[in-house]
Amino acid sequence: MHEFSVARSICNIAIEEARRHCVERVTGICVEVGVMRQVVPELLRTAFDIAAKETILQGAKLEIHDVPVTIKCHDCGQFAASATLQVQCVHCGSTNIEINGGNELMVSSIRVAEEVGHEH
Amino acid sequence: MNIEVLRDVQESIMADANEIRASLDQRGIRMFNLMGGDGCGKTRMLERLLPTIAERVRCAVLEGDITTTLDAERISKANVPVIQLQTDGCCHLEPSLIRKGLDKLPLDELDVIIVENVGNLVCPAEFDIGEHHRIGMLSVTEGHDKPLKYPLLFGQADAIVISKMDLLEYTNFDLDQCTRNIRTVNKKAPIFEDSAEWHFDPSFLDWVSVKRATCA
Chain P
1 MHEFSVARSI CNIAIEEARR HCVERVTGIC VEVGVMRQVV PELLRTAFDI AAKETILQGA
61 KLEIHDVPVT IKCHDCGQFA ASATLQVQCV HCGSTNIEIN GGNELMVSSI RVAEEVGHEH
Chain D
1 MNIEVLRDVQ ESIMADANEI RASLDQRGIR MFNLMGGDGC GKTRMLERLL PTIAERVRCA
61 VLEGDITTTL DAERISKANV PVIQLQTDGC CHLEPSLIRK GLDKLPLDEL DVIIVENVGN
121 LVCPAEFDIG EHHRIGMLSV TEGHDKPLKY PLLFGQADAI VISKMDLLEY TNFDLDQCTR
181 NIRTVNKKAP IFEDSAEWHF DPSFLDWVSV KRATCA
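For the record, the sequence lines run as chains P and D. In terms of this note's numbering, the first sequence opens at residue 1 and continues consecutively. In terms of this note's numbering, the second sequence opens at residue 1 and continues consecutively.
Just so you know, these hints were derived from the structure itself, not from any lab. Take the hints with a grain of salt, since some may be wrong.
As the list claims (entries may be wrong) - Examples of chain D residues toward chain P, derived with CB under 7 angstroms: (1) 2; (2) 5; (3) 9; (4) 19; (5) 20; (6) 184.
Unchecked claim - Here are the simulated DSBU-like pairs of lysine-lysine, each with C-alpha atoms no more than 30 angstroms apart in a straight line: (7) 211(D) to 187(D); (8) 72(P) to 100(D); (9) 187(D) to 72(P); (10) 100(D) to 77(D); (11) 211(D) to 149(D); (12) 188(D) to 211(D); (13) 149(D) to 188(D); (14) 104(D) to 77(D); (15) 72(P) to 104(D).
Cβ coordinates follow ideal geometry from the N, Cα and C atoms, glycine included.
Construct all of the structure, not just a fragment, from the sequences and the given hints.
The structure is reproduced here in structure tokens:
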């Protein structure tokens, strides 16, 4: 249940950015989550809704974008991108593979209803 | 309208972790983060490791648990400083709690700190606590598929210990398959085999000592 810690950090960043842009209400937050991060989207949304209560984020929609891993096969030499964690090469079935990327955990943008004011 | 942010969700935790690492570096201390599932034998390994490793380096332990001081009581018998960190329900350790533990340790008298994280193969791997090296642990009774099912923990480990090797013959654990599974997610980490019934593997002690020496 580390999703609550992740949700709290997302809220802190979104609130900071909203204040920096003099925004009073955030309607959406986009986060990029790598496949390797073991974040459960449903749990993250629930945790976010709880963490966002009584803040300028309350009611905002959390959009979670999965970032795939890249799999390199050491036997057939081919690459593949996968939205789930694979333990075999999708081309030749070999398990002699290398998994790269998928460690992203980032707030990419926030969506606001109003025009952005001047930065502090 | 959209406002671009592009900030790492864990930036404040990473900043805290980097601060801890820097302050340990200044004192010449190396910190190890021992992670593994509940009951895989982390505390038992430390009980056996500490008396031997204490002959080579000045060592202390931070014991992470949801509640109780049972593990710290076990470790204290090895005559090394130990602080119990209670997360009060949280499934992993974070830098803020580590700092509280470090404040209670005699840092001027230490070379190595071993943190035993909360028994859990998922959440602890997500959080940098300011360690220099990560040790992943799994036991033969858990199964050889664990490295594939928990790729973050085993993929980021700097060393991997397979414990309860004396029980190998009573399980369907496939050691060769486990090694291949580890290599799928982690090409480099040395793999050490251990059992509470064995003498401690000197090569693991050497690994800890070498990692310690890299900052001396």
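Does the structure break any of the earlier hints, and which numbers would those be?
Failing hints, ascending: 4, 5, 8 and 15.
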